[in-house]
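Spelled out from the first residue to the last, the chains are:
Number of protein chains: 2
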Amino acid sequence: MTLLDKLPQELASHITKIEHYKQILTLLNWDARTGVPKKGASYAAQAKGTLAGELFLLQGDAAFGAKLEEAAAQSDEYDDTINRIIAEHYRAYKRKSVIPFEEHAAFVRAQSEANAAWLEARAANDFAVFAPYLKKVFDSSLRFASYWGFQEHPYDPLVQQFDPDLNTVTLNRVFGELKDALIPLIQRVTAAANQPDTSLFRKPFPLSRQHELTHELLHAIHYDYDAGKFGETIHPFTSAINPLDARLASKFVADDVRVALWSALHEGGHSLYTQNINHELIHTGLGIFTSFGIHESQSIFYEKFVGRHKAFWERHYPALQRIQPETFGDVPLDAFYSSLNAIKPAYNRFEADELTYNLHVIIRYEIEQAIIAGEVRYEDLPELWNKKSEAYLGVVPPTHLDGILQDGHWSAGFGLFPSYTLGFVYAAQWHEAIRRDLPNFDRIVGSGDLRPITGWLTKHIHQYGKSRSANELLQQTVGGGIDTKPLIQYLTSKYSQLYQLS
Amino acid sequence: MTLLDKLPQELASHITKIEHYKQILTLLNWDARTGVPKKGASYAAQAKGTLAGELFLLQGDAAFGAKLEEAAAQSDEYDDTINRIIAEHYRAYKRKSVIPFEEHAAFVRAQSEANAAWLEARAANDFAVFAPYLKKVFDSSLRFASYWGFQEHPYDPLVQQFDPDLNTVTLNRVFGELKDALIPLIQRVTAAANQPDTSLFRKPFPLSRQHELTHELLHAIHYDYDAGKFGETIHPFTSAINPLDARLASKFVADDVRVALWSALHEGGHSLYTQNINHELIHTGLGIFTSFGIHESQSIFYEKFVGRHKAFWERHYPALQRIQPETFGDVPLDAFYSSLNAIKPAYNRFEADELTYNLHVIIRYEIEQAIIAGEVRYEDLPELWNKKSEAYLGVVPPTHLDGILQDGHWSAGFGLFPSYTLGFVYAAQWHEAIRRDLPNFDRIVGSGDLRPITGWLTKHIHQYGKSRSANELLQQTVGGGIDTKPLIQYLTSKYSQLYQLS
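Protein sequences appear in the order of chains B and F.
Numbering (numbering that gives the first Met the number 0) for the first sequence: 0 to 501.
Numbering (numbering that gives the first Met the number 0) for the second sequence: 0 to 501.
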């Protein structure tokens, strides 16, 4: 007996097929980034494209849509979870069915061409190589937005691909509040007299020992290896295949152990969320993270509110010292902790500390908005990027490789970036809520047994998967909506103290 | 411009879809054996089952069959390769379209249940636990044989799933000739006065060093890592995803380095075949090994005719001595070589040397034939197994775990085992042919540069993929059909010499 058995058989079969295809596509993405050999990549992409096209057709199938409507009309016959399953597939149906298949296929090709052009542009350090492909993708994004419809802003249906409860009005408010609070804070921190020495992280750290550290950290947060897999890659990521197969891949850099350290905790946090989703929801459409922002909130929770907590390192720093005694053996915990939390505005988002990170996201968001508003020409984007970088972070990238060409996410279209910062905002709200429910939070973080914390997150967030929306999860835990105050307070208080700001 | 562009567009699209699904299913099988975590295996199998069902429907689709027939009727408009593509898909169409989908799905379930029952039977050392499930699978196999039709023997269409050019008459002849020659030879070898000491292989050999040895051997045979991937597993295998993605997985046993050594050369041989198939054939239906027997012939060629050749070890033994000096540093090449080629009848096929291996296959084949002929009851199979083992190998398995329950391949149905021995027969025929064309074969094997040998195999076998059948490959290289003489002669001469038989 599974949840879908409560639905008419044809509907259940169609949903099962969709979910099986999704599982396979997630695996193909995992393989594309960890397994496929260089020469085989293009054929693998072709096969994946075929299956993705089939999934698109299944999700947007008219007969399927009609059956979903019938089922939705009988909502009082079903319990809440079944109604959520119907609603989730109907939402996807509405999204897919209004896009002509050929346009969908052309968009997928344009995304892949844009990604190739981005790599060429990087090789030539020339944004002009990328610009026409970027324009094509963004134009398609806007055409899709018009198919989907919107009340206030074409960006709304685009960001809602990833975060259904977000919209431009909310984003403008959230990002405005963060800028007002963080830009002056960053200026004060970078002007402070005592700047920690971070050179200890740049000393050679053998990769096999970085692997050992990664596994130490994953064990520390109770990642279940029997329901996942660890891989290596050039850009850390997580594959949420299902709650019993939550894989993660880390990056290892010989002369910067922080990359491995933060990857383990960040991707580990994503994976814990996936592993703790109620198993009954597997292959129903609800057995997955509810939104990109919420997914990110869980990785950020473990990376920042656990992994940057001093008590965590009181417990785990000895392991790091044991693994790499040459570098850390004689460094006291306090010095290590200050270095780990050093603030230094960087050109690159990937190298950003937790205080400046959000500004990197905001730069991208504001550029997206300027493009949509027609306020900037594509050829002027590099200049706009550099201006914003100087204004918000105080640094100007020396080349476009460190500036507008630094990451390739825009090849996928509009709307992905806000999730990264929203995740941090959510995580800070939950951090406040969890401290209310678990007054001994600090002691738990240092105890070596994080299960009470993971248990709280499972009870209030993880277990639901997609059967609760981001706003519902917020409402039932903090009794309100998105609020930047906890994040601003956390960052202000932590860095005022660490940098002894008056 | 690809080969399929010469076909009507709808036909080409349908074939492309089939081939993309096959590629994905091969990857899912790879992942099932190297990637999927324990707890996620069952959901992964469900998703794979869905895609396999879709592939079955695509291959057996009536409209597709009609289009293939139309295209076949216009064969003079197409070149040989295109006609082969049409014929290959038509062969598959005929196979799939006569089996009702529900029966196909039930068979897949029965296979999976039989495999689970086999594991339970092993845990209980009780064949009776497995027997009813085995019977169900074998009965389905025979029902499928009747759907497919046959002239002489129901086993013919079953073995032809794997080796289209084989039939029971040929198998009876080949296996009869091998038994006549090998059983007495085994008896003389095992009775010989000087038996080499093989204990050096059972000394602890650290797994990281076994990895190093594996890569040394794969480099020695020019495996292309950019068109493949190396993985670890509990039963060595190859995934021929396509010529640009030929993956292999080895097994590592701390106290028997031979497992890693033979795995590398055997699976490496499979992969070289795949990598050397003409890339134009990718995703047409022909870009893969032409039959299981031919596939096996290439793994056996590298494992035995290269990897058991003394000249190969004259070249590569120093590397083994460098990797594991504690064990091999003081052992002279001659002693190493005799030990590596020691003959010792074992209960288990996986542990079998090259002289006794074929008898393990023949036992299985004869039992399959006895079941089909109704000459044996399922409850008497263990006894029959032990009798044959004693008669052919001179050893009786102490438990059924070492006897009839030792491998689970029968859970898939009838017909797979003959390929293993046929591969050895083919390989010996090519070994004879290659020596005719390359009289300095021995010197090449010892030179460290095997490319002239791989070049010969590519030219005469590999490049064609499925565009030449097994019999055609034989005909164009040795000018005849399957012949056991080269294999019998190779084994007789080699072991008479090594064991100084008079």
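Among the clues, some could well be false.
[To be verified] Facing chain B, from chain F, some residues (calculated, C-beta under 8 Å): (1) Asp30; (2) Ala31; (3) Gly34; (4) Lys38; (5) Thr49; (6) Leu50; (7) Leu54; (8) Asp225; (9) Ala226.
Since the hints were made in silico from the structure, they are not lab data.
Built from N, CA and C at the ideal position, the CB exists for glycine as well.
For a quick check of understanding: which of the numbered hints are violated here, in increasing order?
2 and 7
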